[in-house]
Every structure is written in structure tokens, then in C-alpha cells.
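A.B. asks: The whole structure should be built from the sequences, with the hints applied where relevant.
Number of protein chains: 2
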Amino acid sequence: MTKVADINTPSEQAFIPPADSRTRISQFMKQIQDEICTGLEELDGVSKFQEDNWQREEGGGGRTRVIRDGGYFEQGGVNFSEVWGKQLPPTILKQRPEAEGHEFYATGTSMVLHPRNPYAPTIHLNYRYFEAGPVWWFGGGIDLTPYYPFAEDAAYFHRTLKETCDKHHAEYYPAFKLWCDEYFYLKHRQETRGVGGIFFDYQDGQGQLYRGPDLNSIAAEYSQKVGDLPRRTWEELFSFIGDCARSFLPAYVPIAQKRQNTEYGDRERNFQLYRRGRYVEFNLVYDRGTIFGLQTNGRTESILMSLPPLVRWEYCYQPEPNSPEAQLYNTFLKPQDWVNWQENN
Amino acid sequence: MTKVADINTPSEQAFIPPADSRTRISQFMKQIQDEICTGLEELDGVSKFQEDNWQREEGGGGRTRVIRDGGYFEQGGVNFSEVWGKQLPPTILKQRPEAEGHEFYATGTSMVLHPRNPYAPTIHLNYRYFEAGPVWWFGGGIDLTPYYPFAEDAAYFHRTLKETCDKHHAEYYPAFKLWCDEYFYLKHRQETRGVGGIFFDYQDGQGQLYRGPDLNSIAAEYSQKVGDLPRRTWEELFSFIGDCARSFLPAYVPIAQKRQNTEYGDRERNFQLYRRGRYVEFNLVYDRGTIFGLQTNGRTESILMSLPPLVRWEYCYQPEPNSPEAQLYNTFLKPQDWVNWQENN
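Note that the protein sequences, when read in sequence, are chains L and V.
So the first sequence is numbered by the numbering used here: it starts at 1 and just counts up by one.
So the second sequence is numbered by the numbering used here: it starts at 1 and just counts up by one.
What the hints contain is simulated information worked out from the structure, not anything from laboratory work.
Be aware that one or more of the hints could be misleading.
The list treats identical chains as interchangeable, and a pair is accepted whether it falls inside one copy or across any two copies.
As the list claims (entries may be wrong) - In silico BS3-like cross-links for lysine-lysine, where the CA-CA straight-line distance does not exceed 27 Å:
1. Lys-86 - Lys-187
2. Lys-167 - Lys-225
3. Lys-258 - Lys-187
4. Lys-94 - Lys-187
5. Lys-94 - Lys-334
6. Lys-334 - Lys-162
7. Lys-167 - Lys-30
8. Lys-258 - Lys-162
9. Lys-48 - Lys-30
10. Lys-187 - Lys-167
11. Lys-30 - Lys-162
12. Lys-48 - Lys-94
Because the structure is a prediction, the values reported are computed rather than measured.
C.D. replies: This is the structure:
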């Protein structure tokens, strides 16, 4: 006899991956790669993505697509990968000790795109899915890195992400926005990478929002204050990731179109190349995806395709006070409540 | 009554730092910085080093000197620092667990210099000294990174280093040359950073040559085969470090002078900028000095002054077969016995 309370309660089965989980997610990741590449080629108008298929010795492989010397993009890559192996690397096992001693499976899509025009922002997206013995989880995010920034673009970007998150849970956007500010932070520069976006990791069948390493962070405190959500089923989380990935084009392309024809000169170009140095510093010193790739003998060229085509370092550069460059530092490289930004601020 | 055997045996006192160790070594490190800067300004002929003095909140400080837009140097820095604090960072404590719970003192000089001409090699030097409770040690090294390489330069560089090492112990050069090949290695590229030089760490009053993390490495095997040297006194090791640092100008300047006026075009410049990307990858992903600096809240601008002024990344770049660029990969980015290189090879 079924108890009344069970009618709307998912069975335990709903909190573990279905038998065809790997096929479904890897197919989805490939489809997302296709859709996004098509959309970005339309935006670019000149160049097409070149594809490389590759195999990984220990198991799995991927397809890397790179666009270069375009009308809009100076260089960018959109990667799909699906890898498996005997054991997750230590950095991940530290966060998910239950995975120790188990084989792992991981699939995902990740992209970084560097426009040529310094008024257009660099964009990054990565969504991924893991299974390892008794555990499985989704992770990823999207964040925007402007050089000559516009508050209205940051607000538009965040509002689009919030709308997507709100369809799934009202606490997703606020929690994952804080997590993003915390994750894409260059400690040695005391700067955020850009205007942020959303980021999350280790989202599984449990109710906890924040699962990051720093339990004293603002994101962790926020998650504690909210408390545990009702447990999320595998299908719910897959559907959430799907909506996130599909919001990439609507969140980015309108900003790109608005800024792509802005005139610029050597000053703006030099500052863009200098700021791209921060992207390199973040990806090589902090980024978990890069470190995971290098630690698991990933394909180096696919991992490091996130690095910009041309970069400058300058000892002790300081923006001139009250310049547009100073505005980037003073307002845009600090966590801000972009969703509630008002035009007349 | 003194036993006969004791006459030539240093007392235990000789294996611990003298009372004025910190003053003597930091003064020496500053003097080396002065001598090297003077020599490099002469080589450059156009630009002078600009000095910044800085203080570290937790204790200590340094003086950073940067040269830019010179006749020979595109950008380079020569740094002196002297820092102290409550506890060494975890990465060092793992190697020297005896230092756990003790205050530390560290002083050193480090430099990276990037010439403009692609036929002239980048040079790096770093010598350092640590005290932490019951332990003290010297470490450091020097290595050469050519873009368009010359075997005779690599041989000259290594022979100069060997001569310096041989004055102190016949096993220093062979052991520390292997350690250098091992340390300045980019695993994700399967390349050495350049043609190497010498590198060592944790040289203290004991007789062991190799004290690195990888006990299965070639350097570790070589050191085991040699066995323990007679214990080195503090004065002996200080004198060794001193000779190493003073051999910087004679090891590098003649190579620089020979190559500085070689004509080059866009092809060579583009390849130089591309190869500089490897320098960035090494320093941000692997370099112990960089990681130590960032972990101990060092001065970011002084730590990252090692990064080149302009850098290029290119997805899946491959040198053309039989080109000078291919020669770099095929011969110079692999460990070689440069000391015994023969011109008619």
C-alpha cells in the first residue's frame, strides 16, 4: 500500500543516474557545442570553426573547435570532451572523498572566446558532469570579462542568467552568483576576473547549494543561511544545466553585437592586451578545469586554447585616475549587485 | 686533549649558521644584485634599471629593479628580497618537515631577462638561503632559454658553470645539471624550458646531493650512485653560492654580445613571442619561486616581473620539418650533454 505522502515524492531511483546517463549527457554536450558554434559563426560573419577530433590514451577523447582571425573573434575555442579513467586526481578527491578508489567518467563542454575589439568582452562557459562510484554531480558556469566595460552589459548579462536560474529555483542565482565572484578571483591581484556570472560545482542529489572548498566564504555563508533545498533529482539537475547552456547565446550575442563596431586605437588595444594577462594568470594559477586537464593527461592544446592569442605584461601598470581604465578597476573588478543596477546610478 | 683526527675535521659549530649569517648573506645578495645590474646596463648600452623598494606586511621587503625598452633588453628584472614570518608555506614544509612550527627567514636574488633579438636567449638566475628553526639551506640555479639556438652557446654556458662548480666539488656540476633538466621541464609539453644549466635545493650541512621531490628521477638516481659527500660546512656552501652567482656575467654576457646584432624579421619575432608562452606556462604552473612568492603574500609585481612583455599563443603550432624552429624542438628542448658537445658533431 502506497502512503499518501509518496505520491509527489520522487522515488530513490530518481536520485541516481539513469542507465543511459552517459550517452544522454555526452550527446547533449555535443549538441550544445554545435548550437553555440553555429550561433558564434553567425555573429563572426567571416571565420568558421576548425575541428580537431582527438583520443585520450587512458580513455575517451573529444572534439576541439577553434575560430581564428575572424570578423569579431581574434581567437576562441569551443571544446567537447568525454573522458574516463581509473581514479580522479587528488584535487577532486579531496572535495569528494567518496569517489576514492572508483573509476570515473567525466563529460563536458567548455569555451573561451576572445574578441578583437577591446570594447567587446571575453566570454567563458563550462558545464560538466561526473560519475565516480557512488557519487555523481554537475558543475560549471559562465562569466564575462570586459576590458572597456559597460554597466548596462553587465546588468543585461546577469539578468539573463537570473531568469534562467529562477525557472529552477529562486536560490540558484543568488548562491551561484556569489560562488562565481569567489571562484573567479585573483588573490594575488585582489581583483575579480571580470563582472562574474554564475558558477557552481558538486550539485548532486543532495540539498546543499554551496560545495566549494572555502567554508568561510560569503557563498558558503549564504548557502548555510538558506539551508538545504529539497533534494534535487538527476533529471532536475540535468534540465537546469541544459537551460544554463542554452542561455549562452542570448546572454552574450546581444552584447557582442552592440560593441563590435566601436572604434578604438592603440591605447585601447594595449590595455586589452595587458588585461588579457590576467586571463592567463587566472587560468594557469587557479582554474580547476585547466588543472584537472593537465593532471589527467588531457590534450594540452585543447586545454590551453583558452589562452589569448596575444598578451602583454607591464611591470607596475597603474591606470590614470578617472580614466576609463580606472573605471574598470574601481567598479567592474569588484563583486557588484548587477541585477539591481539602475541606469541613473 | 685534542685527538689527531680532529685537526682537519670541522667542529659541529661549522655546520650551523654563524651568529651574523642573515646580515652576511643578505648583504651578499644585494651586492650581487648591484654587480649584475651594472654589468647588464653596460651590455644594454641604452636603458638603466629603475628601482622600487618595497616592504612586506608580515615582515621583510626587497628591492626590485626593472629594465625596459633597452638596446638589448626588451624587458627584465633583477630582484633582491629578504622576508621572514611565522611559518613556511605547506609546499616547503612537505620537503623540510623539521621546519614545521618554526619561524622562517629567507633571502635571495632572482632575475629573468628577456632580450628583444630572437637570436639572443632569455636568462634566469635565482640563489636563495633559508633558516627555519633547526634547519637552514641554500638553493637556486641558473638556466638559459634560447629561441633560435646555437649549440656552441649552450656548450659555452655549461662549460662556464662546470668550471665554477668544479672548484667546490667534482660531483656538483653533474648532479645539479641533471636536477636542472628535471626541474625546468614542462610535463604538459614534454619539453625542457631551454638548454638548462644547474639547479639545486636544500643544500645544508649534510652530504646528500639530491633533495628534490621526485625520488625516482635521474637526478635522484645519480645522487644515490654517488653516495653522500663529506658534510659541507655553512661557509663552504656560502662560498659555493657566491661563486655561482658571480659566474652569471661571464656565463651570459659573451653569448649576448655575439647574438645581439643578428638580423631578424617577422618570422623570427613571431616564433620568439610564441616560445615566450612556454616561459609563462612554466612560471605560473610549475615554478617553486613563483608559487612561494604568491603563497607568502609576496609583492605580486616583483614576482611576476619574470613574465615576458609580449607573448603569443597559437593553437596547435608545429614547426616546419628541417626548419631552424624544428631544430630547437628536436635538439635543444631535450636534455643534452652540452659540456662534451663537439663542434664537428
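A.B. asks: Does each hint fit the structure? Answer for all of them.
C.D. replies: Checked hints:
| no. | hint | in the structure |
| --- | --- | --- |
| 1 | Lys-86 - Lys-187 | between (33 Å within a copy, 20 Å between copies) |
| 2 | Lys-167 - Lys-225 | within (21 Å within a copy, 66 Å between copies) |
| 3 | Lys-258 - Lys-187 | neither (32 Å within a copy, 42 Å between copies) |
| 4 | Lys-94 - Lys-187 | both (21 Å within a copy, 23 Å between copies) |
| 5 | Lys-94 - Lys-334 | neither (29 Å within a copy, 35 Å between copies) |
| 6 | Lys-334 - Lys-162 | within (19 Å within a copy, 51 Å between copies) |
| 7 | Lys-167 - Lys-30 | within (24 Å within a copy, 62 Å between copies) |
| 8 | Lys-258 - Lys-162 | within (21 Å within a copy, 61 Å between copies) |
| 9 | Lys-48 - Lys-30 | within (17 Å within a copy, 55 Å between copies) |
| 10 | Lys-187 - Lys-167 | neither (33 Å within a copy, 44 Å between copies) |
| 11 | Lys-30 - Lys-162 | within (25 Å within a copy, 55 Å between copies) |
| 12 | Lys-48 - Lys-94 | neither (40 Å within a copy, 49 Å between copies) |
Violated hints, in rising order: 3, 5, 10 and 12; the structure is consistent with all others.
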